[in-house]
Amino acid sequence: MSSETKQILTTDGIPLEVSLKKAEKKNKIKAFLLVAPLLLFLIITYIFPIGDMFMRSVDDKMITNMLPKTFKAMEKWENLDELPPEEVFSAFYFDFKLLVKKQEQGKLGQRLNKEKNGFNSITKKLLRQIKRKKIDENANIKEQLMKVHKRWRSVEYWQAIKRTAPPYTMAKYLKGMDMYFAADGSVAQVEEDRRIHRILWLRTLEIAFFVTLFCFFMGYPIAHLLATLPMKYSNLLMICVLLPFWTSLLVRTASWMILLQQQGLVNDFFVMIGLVADDNRPEMMYNKVGTYVAMTQILLPFMVLPLYSVMKTISPSLMRAGKSLGGTPFVAFWKVYFPLTIPGIGAGCLLVFILAIGYYITPALVGGASGTLISNQIAFHMKTTLDWSFASAMGLMLLTGVLVIYWIYNKLVGVDNIKLG
Amino acid sequence: MALPSYTETRYRVWHYIYITICAFVFIFLIAPLFVIFPLSFNAEEFLVFSEGMKNLDPDAFSLRWYNDMIYGTKNPWGLAAKNSFIIAIFATIGSIILGTLAALGLSSRHMPYKGLIMATLISPMIVPLIISGVAIFFFMAKAGLAATHTGIVLAHIILGTPFVVITVTATLSGFDHSVTRAAASLGSNPVNTFMKITLPLILPGVISGGLFAFVTSFDEVVVVLFLAGLENTTIPIQMWTGLREQLSPTILAVATCLIILSTLILISAELLRRRSERLRGINR
Numbered sequence: 001m002s003s004e005t006k007q008i009l010t011t012d013g014i015p016l017e018v019s020l021k022k023a024e025k026k027n028k029i030k031a032f033l034l035v036a037p038l039l040l041f042l043i044i045t046y047i048f049p050i051g052d053m054f055m056r057s058v059d060d061k062m063i064t065n066m067l068p069k070t071f072k073a074m075e076k077w078e079n080l081d082e083l084p085p086e087e088v089f090s091a092f093y094f095d096f097k098l099l100v101k102k103q104e105q106g107k108l109g110q111r112l113n114k115e116k117n118g119f120n121s122i123t124k125k126l127l128r129q130i131k132r133k134k135i136d137e138n139a140n141i142k143e144q145l146m147k148v149h150k151r152w153r154s155v156e157y158w159q160a161i162k163r164t165a166p167p168y169t170m171a172k173y174l175k176g177m178d179m180y181f182a183a184d185g186s187v188a189q190v191e192e193d194r195r196i197h198r199i200l201w202l203r204t205l206e207i208a209f210f211v212t213l214f215c216f217f218m219g220y221p222i223a224h225l226l227a228t229l230p231m232k233y234s235n236l237l238m239i240c241v242l243l244p245f246w247t248s249l250l251v252r253t254a255s256w257m258i259l260l261q262q263q264g265l266v267n268d269f270f271v272m273i274g275l276v277a278d279d280n281r282p283e284m285m286y287n288k289v290g291t292y293v294a295m296t297q298i299l300l301p302f303m304v305l306p307l308y309s310v311m312k313t314i315s316p317s318l319m320r321a322g323k324s325l326g327g328t329p330f331v332a333f334w335k336v337y338f339p340l341t342i343p344g345i346g347a348g349c350l351l352v353f354i355l356a357i358g359y360y361i362t363p364a365l366v367g368g369a370s371g372t373l374i375s376n377q378i379a380f381h382m383k384t385t386l387d388w389s390f391a392s393a394m395g396l397m398l399l400t401g402v403l404v405i406y407w408i409y410n411k412l413v414g415v416d417n418i419k420l421g
Numbered sequence: 422m423a424l425p426s427y428t429e430t431r432y433r434v435w436h437y438i439y440i441t442i443c444a445f446v447f448i449f450l451i452a453p454l455f456v457i458f459p460l461s462f463n464a465e466e467f468l469v470f471s472e473g474m475k476n477l478d479p480d481a482f483s484l485r486w487y488n489d490m491i492y493g494t495k496n497p498w499g500l501a502a503k504n505s506f507i508i509a510i511f512a513t514i515g516s517i518i519l520g521t522l523a524a525l526g527l528s529s530r531h532m533p534y535k536g537l538i539m540a541t542l543i544s545p546m547i548v549p550l551i552i553s554g555v556a557i558f559f560f561m562a563k564a565g566l567a568a569t570h571t572g573i574v575l576a577h578i579i580l581g582t583p584f585v586v587i588t589v590t591a592t593l594s595g596f597d598h599s600v601t602r603a604a605a606s607l608g609s610n611p612v613n614t615f616m617k618i619t620l621p622l623i624l625p626g627v628i629s630g631g632l633f634a635f636v637t638s639f640d641e642v643v644v645v646l647f648l649a650g651l652e653n654t655t656i657p658i659q660m661w662t663g664l665r666e667q668l669s670p671t672i673l674a675v676a677t678c679l680i681i682l683s684t685l686i687l688i689s690a691e692l693l694r695r696r697s698e699r700l701r702g703i704n705r
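Residue numbers (my numbering), protein chains in the order written: chain A, 1 to 421; chain B, 422 to 705.
So here's chain B without its partners, still in its complex pose (with noise of 0.2 Å):
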């Protein structure tokens, strides 16, 4: 962003100032995550930097708060991070199926009421998770699927497939039919010429929405807060109630571990995009 050379002075004030808000924006967007990080390792078990932590004395850092999420009795974690997983998972898988079938019949040419029919499937992104939850909750207790994982895996795929969807479509849009086409007059069934033909090309989209609907589960309170009963607690539900109730060190140790969880899925979220981006010839 160098600026010419002719430029004049109050131009170029400016244009400070701008770098300097721009600056100051992107230090408020990143600055909170940092924060977690050098705080886990405190020796003491307040949440500020001790005197010791400010002057780097090696005696005021400690795993204390890592040995206690993993080891500590009292502390659900290991169930709760199990069950995170799990749930995570099938949702995944789920609205991987169902979402990726979904826009590739949206992304026919054929396809009636496309409009709304789109609008339907988005809706569960639009909608306020607390009214999600409400609904999926009455639905969930008529059916008797409350407090399982099933429940919560099922209500989870309704909130994921959007993602699916979106990022799916989004893929099909520069899609050459004609290859499919090519593959069906040489005398593939449907079935091969998908999984040999359409799949891979379109798998960058595929796996980055499933990216998020993995997140999206990974990380969802409000609907599991209505679903979970104690056996279904979550890593989310378990930092929920850790936050209401006493903020304890050992959640800042959870925290960082989702972090460096969430920097490997951004990473991969980045590689696939770009990816996908070459495969679809896009150059930018």
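In isolation and in its complexed conformation, chain A is listed as follows (with noise of 0.2 Å):
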């Protein structure tokens, strides 16, 4: 007898092997259909957008594609420290005629000046020169050019010409840094007064950072009554935590700017207790201090509520337990209790963490100028600036941030873990 006869057959003959991972491969296309949908339009109307963000980010295509000749042209320029060869200054001056002609030398002569001060105003007197028809384009273009302006006949404008050739640039995430590429290519520091965005960046991490402290010493208290208290009296408590969890930020943001104005109910309550003078009624709005009240309540819910879920499921025994066994309170809670919370602890501060690193609207309203965050400067250049790239890139270091912390979530207490309410 053959081995073929040995295997196990389906009433239609087919083997069960083959059927049953026929049966299977169905099953896991059709989950996958289900998925599908929701999949394909988050990756279309998001994921791909993150991606184009990156693209803006890192684009520096304009300039490549406006100086074509003489990036071409540069390539012959062997000895950087000297002027480069005639090629090239003929070549610039026949893309800049092209620029001209396209009306769209303004841009050069802007994205220019970004690289090196001064390109603005040489830009524009060679634009004159061009309109006089002053330059002979059958002689020696580049004694001609140097004649212009004094700055053409300088190494160092070249060189700058020189770096804006390649058409992606990472000078965005340097300047999310405050730093820059100096002439000879190197990375530099802004100095020390300008460095704005290391300022941001770092408070963005502390206000994160207590917001996050603030919320663990606050929620893990009330999370433990409302887990050990009997059934109906928690849940009237679990209201207060529930109640602001849904009720609308701006709503929440208003309440404490109305709170914490110079004439608000908190001044008036240190008035009447004496801490503080009513002709001297300190500002506790437009500052950190509105910022990390504001944001500690609004977070909270977040940490209190990861919180409670694994409390309640810790027997109130192990604690009777550990007491019974010589420990006092304080040593059972230490060595019993805290030890099974740590799960929740864990899901509740890296959530808050990652809320609060993106904060925008309470920091916006209540933060003032020291209390804006990174997300604000994100704004910013989104709808002021308009520096889209900028924006862009910054966003981006934000986001790879959140995502490493993000991983570490999941790798600790897992993303379908997360409960809601």
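To be clear, the hints were calculated from the coordinates, so they are not data collected in a lab.
Treat the numbers as computed from the prediction; the structure is a model and nothing was measured.
Do not rely on the hints blindly, as some may be mistaken.
[As the list claims (entries may be wrong)] Taking CB as the label site, the calculated pair distances span:
1) A:325 <-> B:444: 30 to 38 Å
2) B:459 <-> A:279: 25 to 33 Å
3) B:617 <-> A:23: 17 to 25 Å
4) A:386 <-> B:598: 52 to 60 Å
5) A:111 <-> B:499: 41 to 49 Å
6) B:444 <-> A:369: 32 to 40 Å
[Stated by the list, open to error] Cross-link-like lysine-lysine pairs, in silico, PhoX-like; alpha carbons within 20 Å at most:
7) A:61 <-> A:175
8) A:150 <-> A:134
9) A:26 <-> B:535
10) A:101 <-> A:134
11) A:26 <-> A:69
12) A:116 <-> A:162
13) A:97 <-> A:124
14) A:107 <-> A:125
15) A:30 <-> A:72
16) A:131 <-> A:97
17) A:102 <-> A:133
18) A:25 <-> B:563
19) A:411 <-> B:563
20) B:535 <-> A:383
21) A:76 <-> A:28
22) A:26 <-> A:116
23) B:535 <-> A:61
24) A:30 <-> B:535
25) A:28 <-> B:563
26) A:175 <-> A:72
27) A:25 <-> A:76
All C-beta atoms in this analysis are idealised placements derived from N, C-alpha and C, irrespective of residue type, glycine included.
Assemble the dimeric complex from its two separately framed chains, guided by the hints.
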């Protein structure tokens, strides 16, 4: 007898193994088809645009496309400490003339000016000379160009043009960290008094860290109380956590604006108990204090809910066992209860930290100048300066940080363990 | 939380300190919401409690800001409310459909790359809103959907689906798949099985995910600020503008209405959660 006849066959005569594999595959496809609409939707409208942000943040094609002949000619420019050869000058001249025809020479001047100060005026001067037809295209263009302005004789300006040749640049990312490409192509630091972005990054981290800390120290006791109280009391108290959770963020921010203003209730209270003089009420809004207080209250439910769901599963008899074995309540708490709540602490802290690090609305409203965070800066560049590539670069830097935390969170707790309400 | 009679004094003291701390935290959480309520009935234009209000003088209270909210000519609250509801309702429907289907697929044990796909589907909830805002704005601008209702609805579906996916997957985790197999063996087609068997059982999870999606859309301001034109103004945008420029009591009237709305949503969410736990046989 051959081995084939020993195989178990289904009623249709197909080997069971094959039939089973077929069914498995069918189920796999079925499951995937259910997920596919949302997955496709998100990939098109969300994941690709984030990739688009990356392309924008490194994109520097504009100038590459504006001066094609120049960059081609520059390939032959060998000794970079000396002025480039005649071909580069003439190539630049013809590229520039073409731009003048398309009326795009202004953009070129601005872009080059960012690379090295002084380009704006010398391109304008060149423009005037071209318009007056002062440049003889049959003669030596290098000599004529050098006469237009003395800066065209300086090798630094030609080096600056060469630096803009690659179609991609990391300059925006460096700018986000208060650094830039120096004349020789190395990375340099911005002067100390102009390092605004580093201050913002540090402040964002600091505020996110302390808000997480405050939320933990306030959230832990009440989560414990909610988990240990009898159902009928804890349900009532749970409303205190859930109502703010469901209430509009702007409403909660508005209420803090009212409470913290100089004539507000918190100041009234301080005056009443004699902590501060009536004519010397402290400013509690439009600074870090306001940001801390409002953000802590707004994010506290996100700390309490994961803690509560973990604490709820801890049996009270464990604490009793700890105590009956001779531990004081403190020892029993520290050695038995606390270690069991660590998954909840991890979940709550990471959730609050991730949310806090990207906060935008509340700091913008109650933060004032010293309470603004990196998100506010991104919004500022998106809306006011319209430097979208810089906004994208900073957004992606922030995103990288958040994804690292998310990854840790996923390893520690698992995303599918997120509980809501 | 009554203490046993044998508790030592120092633990007794500690216990009362603990209760006091908790009380303060609860007040910190809930009190700010109650400041808005009385001030929205202020007869004066200032956002502080007047002498009359402190003495409970009836003349110090009025409904003028509610009147201003509804009939005020300069206030686009009517348009904003209409837009907010339309956008939130369509975004909720979209999120529920896409999210529930995806959750059904994800809960199948045959699903390949489950972790990766789940992480992708949840990502709009984790990625900071400002980044989502920038990315979605780039997409909508390219697709020509900026400053349209459609664009905002699509954006809110992106932000709302993670909640539906999470709640429905949670409901499905306790789901007994033998009932759907039983239905199939009795000759029901998959669609019929879903409508008659699965959906009624997971409905509490679907609705509570839908509530999250609704609130997310209704309260969303960061992404809308990038996308909305003058005609797409929503309640959060109006509040944002109002809070930035000048805090007027009309905003407090709107805020009071929003608090009432969130209370209603909280109650329905709680009722649903209990019903879901009962249906799934979880007794706590």
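Verification of the hints:
1. A:325 <-> B:444: 30 to 38 Å: The hinted range 30 to 38 Å holds for residue 325 (chain A) and residue 444 (chain B), with Cβ atoms some 32 Å apart.
2. B:459 <-> A:279: 25 to 33 Å: holds (26 Å)
3. B:617 <-> A:23: 17 to 25 Å: holds (24 Å)
4. A:386 <-> B:598: 52 to 60 Å: holds (54 Å)
5. A:111 <-> B:499: 41 to 49 Å: holds (47 Å)
6. B:444 <-> A:369: 32 to 40 Å: holds (35 Å)
7. A:61 <-> A:175: Holds. Residue 61 (chain A) to residue 175 (chain A) sits at ~18 Å (cutoff 20 Å).
8. A:150 <-> A:134: Judged against 20 Å, a Cα distance of about 17 Å means the pair holds.
9. A:26 <-> B:535: Answer holds: residue 26 (chain A) to residue 535 (chain B) is near 17 Å, not above 20 Å.
10. A:101 <-> A:134: holds (16 Å)
11. A:26 <-> A:69: With a Cα-Cα distance of about 58 Å, the restraint between residue 26 (chain A) and residue 69 (chain A) is violated, given a limit of 20 Å.
12. A:116 <-> A:162: Status holds; Cα separation ~12 Å.
13. A:97 <-> A:124: The given pair, whose Cα atoms are some 12 Å apart, holds under the 20 Å limit.
14. A:107 <-> A:125: With a Cα-Cα distance of about 15 Å, the restraint between residue 107 (chain A) and residue 125 (chain A) holds, given a limit of 20 Å.
15. A:30 <-> A:72: violated (55 Å)
16. A:131 <-> A:97: Answer holds: residue 131 (chain A) to residue 97 (chain A) is near 10 Å, not above 20 Å.
17. A:102 <-> A:133: Given pair residue 102 (chain A), residue 133 (chain A) holds - Cα atoms ~17 Å apart, limit 20 Å.
18. A:25 <-> B:563: Distance ~38 Å between residue 25 (chain A) and residue 563 (chain B) Cα, so the pair is violated.
19. A:411 <-> B:563: violated (36 Å)
20. B:535 <-> A:383: Violated, at about 38 Å.
21. A:76 <-> A:28: This hinted pair is violated, its Cα atoms lying about 59 Å apart.
22. A:26 <-> A:116: Judged against 20 Å, a Cα distance of about 62 Å means the pair is violated.
23. B:535 <-> A:61: violated (39 Å)
24. A:30 <-> B:535: Given that 20 Å is the threshold and the Cα spacing comes to 14 Å, the pair holds.
25. A:28 <-> B:563: Given pair residue 28 (chain A), residue 563 (chain B) is violated - Cα atoms ~35 Å apart, limit 20 Å.
26. A:175 <-> A:72: violated (28 Å)
27. A:25 <-> A:76: violated (60 Å)
Hint compliance for this structure: hints 11, 15, 18, 19, 20, 21, 22, 23, 25, 26, 27 are not met, and every other hint is.
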